[in-house]
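*Asks:* Order-wise, the sequence lines are chains H and X. The opening position of the first sequence corresponds to residue 959 in the numbering used here, with each subsequent residue numbered one higher. The opening position of the second sequence corresponds to residue 959 in the numbering used here, with each subsequent residue numbered one higher.
These are calculated hints, taken from the structure and not from any lab test. Just so you know, not all the hints are guaranteed correct.
To be verified - Simulated coverage check for chain H against chain X, where a stretch passes if three residues somewhere in it have a Cβ under 8 Å from a Cβ of chain X:
| id | stretch |
| --- | --- |
| 1 | 1047-1056 |
| 2 | 1137-1144 |
Unchecked claim - Cut-off 30 Å, straight-line C-alpha distance, at most; resulting in silico cross-link-like pairs (DSS-like, lysine-lysine):
| id | chain 1 | residue 1 | chain 2 | residue 2 |
| --- | --- | --- | --- | --- |
| 3 | H | Lys1200 | X | Lys1200 |
| 4 | X | Lys1101 | H | Lys1101 |
| 5 | X | Lys1101 | H | Lys1168 |
| 6 | H | Lys1168 | H | Lys983 |
| 7 | X | Lys963 | H | Lys1200 |
| 8 | H | Lys963 | H | Lys983 |
| 9 | X | Lys1168 | H | Lys1234 |
| 10 | X | Lys1073 | H | Lys1073 |
| 11 | H | Lys1168 | X | Lys1200 |
| 12 | X | Lys1073 | H | Lys1234 |
| 13 | X | Lys1101 | X | Lys1162 |
| 14 | H | Lys1234 | H | Lys1073 |
| 15 | H | Lys1162 | X | Lys1234 |
| 16 | X | Lys963 | H | Lys1073 |
| 17 | X | Lys983 | X | Lys963 |
| 18 | X | Lys1162 | H | Lys963 |
| 19 | X | Lys963 | X | Lys1162 |
| 20 | X | Lys983 | H | Lys1234 |
| 21 | X | Lys1101 | X | Lys1234 |
| 22 | H | Lys1168 | X | Lys1073 |
| 23 | X | Lys1234 | H | Lys983 |
| 24 | H | Lys1162 | X | Lys1162 |
| 25 | X | Lys1200 | H | Lys1101 |
| 26 | X | Lys983 | H | Lys1168 |
| 27 | H | Lys1234 | H | Lys1162 |
| 28 | X | Lys1200 | X | Lys1234 |
| 29 | H | Lys1101 | H | Lys1162 |
| 30 | X | Lys1073 | X | Lys1162 |
Beta carbons: idealized from backbone N, C-alpha and C, even for Gly.
Protein chains: 2
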Amino acid sequence: MSDIKNIGFVGLGIMGKPMAKNLIKAEYNVTVHDRVRPAVDEVVAAGGSSVESSAAAAAGADAIITMLPDGPDSELVILGEGGVLEGAAPGSVIVDMSSIAPAFSQRIAAACEAKGVDFLDAPVSGGEPMAISGALAIMVGGKQAVFDRVAPMFEPLGASAVLCGDYGAGNTTKLANQIMVAVNIAGVSEALVLAKKAGLDPQKVFDAVKGGLAGSNVLNAKGPMMMAGNFAPGFRIGLHQKDLRNALLTATDLAVPLPITALIQQIVGSLVNQGKAQNDHSAIANFIEDMAGTTIAD
Amino acid sequence: MSDIKNIGFVGLGIMGKPMAKNLIKAEYNVTVHDRVRPAVDEVVAAGGSSVESSAAAAAGADAIITMLPDGPDSELVILGEGGVLEGAAPGSVIVDMSSIAPAFSQRIAAACEAKGVDFLDAPVSGGEPMAISGALAIMVGGKQAVFDRVAPMFEPLGASAVLCGDYGAGNTTKLANQIMVAVNIAGVSEALVLAKKAGLDPQKVFDAVKGGLAGSNVLNAKGPMMMAGNFAPGFRIGLHQKDLRNALLTATDLAVPLPITALIQQIVGSLVNQGKAQNDHSAIANFIEDMAGTTIAD
């Protein structure tokens, strides 16, 4: 059993807000900070407290969760003036659940260690629906003892939490996850566009292949969206663009050429240029559809 | 119930031989032809009859199955001198279960129709293990009434048989299937190579992501092979090369650009040049590993 009772929480966006509410429901004392007032009010109404800075959210907390858009945001909110690390007591743990480049996680971890504060990077997969239902997949980087201490706190948030390695390993795993997802969406897109332009009913193709080696969670989740021409998010292309950029930056640091990921990043960039950043990432199909002059949906 | 009792079967390769034996086990009268004597002997020992030409295998048959490497083989064996169509009686049905370009299926179908012989293209997915266990996924193109007549004959062969559309639709669906599979293998490869070179244990990455949107039958089946460095087939790269070539030829005919499939075809061609045509298609990972100077396996 963990000694964690008091949680600071910074970043009440689409993901952070339901996560904070799930921790309150699990009877943690949750103190939140965000500049967006309606989100703060909603979490306070659910039983949380609010404070006016990240440092104040960290003060007196056993664990401080940050849930922010990208690496520079995490760095600023945790290490900046009035930031989490300023308020965090030695022996407390900062759990950055943002999806960022692993190099940022490693830099932040080093700064925390220097102040005697523990750190985990713990990005998640599953999107808003799983954040709400508390069924996220949590990918963690850091020390085993710290992970063991924090693990009970992950229970109201996730269906699984796996320690993948040392600092940054959670975010490296998340990048690997995002590569697999983006590439698979692109493959499903090319396959269904080809079938449609050949005159087939994509639903029949879907039914014929889903049980075999081509079967995947992407096909099951995104195939029907493509067939319906429904690209409402879900997970936004703009966020997947960020993840692919971080994957390629990390791959460049490690001297790992990723030709397929790079091609799909170019496609995603083109879709963002077309104003589709807010569409679901299944709209990668739009690029293939436009090239072929057809749509998977009727 | 079907009136099909007597089956001609041409092509006793890795797939055809166990399929013919499953039909014999289901008490069909099976007459086989192949130039490879040991395969013929094995099927005769299991209760089949053998004849010396494709035309002779078709003579007196209610249905004739062909299971051959590629489109030109199907065309020669079905339409050539001494071929299946020469021996097939009007009202019988030729079921070409080879994986070939849909344009070949359509040409063969037209020649059969002209002689009053029915035709289905019915390629399969699942490889040798599913051929042996009679659990193939069968993707069918042709007329509904012909499909309905033949459907009982598919039962000893497959776990599913789906009529996907008119002539060629079975093979178009198979190409869509092979695109999804090849692209997904490549995505899993890039993700696991990146994670490994970042210092992570690929098994932990696998465990952390397999239940989420990145989860797929490819990840479950091929991820462990990559992590073990075991690229024994399975499904040979040389055959996937053929399928991707047929996919791109078909896509060119239909004016459908497939940039990701094309890139992966280039990678597969490189692996074949390196003498890896007989390796499992999961060896697509080798190309990414070589570029990165690391292997997913320890």
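*Asks:* All hints are to be evaluated individually against the structure, with a verdict given for each.
*Replies:* A quick look at each hint next to the structure:
1. Counting residues of the stretch 1047-1056 of chain H whose CB falls under 8 Å from any CB of chain X gives 0; the rule of at least 3 is not met.
2. With a threshold of 8 Å between beta carbons, the proposed coverage of the stretch 1137-1144 of chain H by chain X holds, since 7 of its residues qualify and at least three are required.
3. Using a Cα cut-off of 30 Å, the hinted pair lysine 1200/H and lysine 1200/X is violated, with the two alpha carbons roughly 36 Å apart.
4. For the proposed pair lysine 1101/X and lysine 1101/H, the alpha carbon gap of about 62 Å is over 30 Å, so the pair is violated.
5. Pair hint lysine 1101/X plus lysine 1168/H holds up; C-alpha atoms about 23 Å apart against a cutoff of 30 Å.
6. Restraint check for lysine 1168/H and lysine 983/H: not satisfied, since their Cα atoms lie roughly 38 Å apart, outside the 30 Å limit.
7. The hinted pair formed by lysine 963/X and lysine 1200/H fails the criterion: a straight-line CA distance of about 60 Å is larger than 30 Å.
8. With a CA separation close to 13 Å, the supplied pair lysine 963/H and lysine 983/H stays within the 30 Å bound.
9. Using a Cα cut-off of 30 Å, the hinted pair lysine 1168/X and lysine 1234/H holds, with the two alpha carbons roughly 28 Å apart.
10. Only pairs whose Cα atoms come within 30 Å are accepted, and lysine 1073/X paired with lysine 1073/H is rejected, the gap being roughly 85 Å.
11. For a cut-off of 30 Å, the pair hint linking lysine 1168/H to lysine 1200/X stands: about 22 Å separates their Cα positions.
12. Between lysine 1073/X and lysine 1234/H the alpha-carbon distance is near 53 Å, which puts this suggested pair outside the 30 Å criterion.
13. Restraint check for lysine 1101/X and lysine 1162/X: the C-alpha separation of about 49 Å exceeds 30 Å, so the hint is violated.
14. As the CA atoms of lysine 1234/H and lysine 1073/H are separated by approximately 43 Å, the hinted pair breaks the 30 Å bound.
15. Note on lysine 1162/H and lysine 1234/X: the hinted pairing is violated, with a Cα-Cα distance of about 34 Å set against a maximum of 30 Å.
16. A distance of roughly 81 Å separates the Cα atoms of lysine 963/X and lysine 1073/H; the hinted pair therefore is violated under the 30 Å criterion.
17. Proposed proximity of lysine 983/X and lysine 963/X is supported: the alpha carbons are some 13 Å apart, at most 30 Å.
18. With a CA separation close to 29 Å, the supplied pair lysine 1162/X and lysine 963/H stays within the 30 Å bound.
19. For the suggested pair lysine 963/X and lysine 1162/X, the alpha carbons sit about 52 Å apart, so the restraint of at most 30 Å is broken.
20. At roughly 56 Å between alpha-carbon atoms, lysine 983/X and lysine 1234/H are farther apart than 30 Å, so this suggested pair is violated.
21. Between lysine 1101/X and lysine 1234/X, the direct Cα distance comes to roughly 39 Å. Violation of the 30 Å bound is thereby established for this hinted pair.
22. Among the hinted pairs, lysine 1168/H with lysine 1073/X is inconsistent with the structure: their alpha-carbon atoms are about 36 Å apart, more than 30 Å.
23. The straight-line distance between the Cα atoms of lysine 1234/X and lysine 983/H is roughly 56 Å, outside the 30 Å bound, and the hint therefore fails.
24. A hinted pair counts as satisfied when its Cα atoms are at most 30 Å apart, and lysine 1162/H with lysine 1162/X does not qualify at roughly 36 Å.
25. Of the pairs offered as hints, the one joining lysine 1200/X and lysine 1101/H is violated, with about 48 Å between alpha carbons and a cut-off of 30 Å exceeded.
26. The hinted pair formed by lysine 983/X and lysine 1168/H meets the criterion: a straight-line CA distance of about 28 Å does not exceed 30 Å.
27. Simply put, lysine 1234/H and lysine 1162/H have alpha-carbon atoms about 28 Å apart, close enough for the 30 Å limit, and the pair holds.
28. With a C-alpha separation of about 14 Å, the suggested pairing of lysine 1200/X with lysine 1234/X holds against the 30 Å cut-off.
29. A threshold of 30 Å between alpha carbons decides the hint, and for lysine 1101/H with lysine 1162/H the separation of about 48 Å lies outside it, so the pair is violated.
30. This hinted pair does not check out: lysine 1073/X and lysine 1162/X have alpha carbons roughly 59 Å apart, beyond 30 Å.
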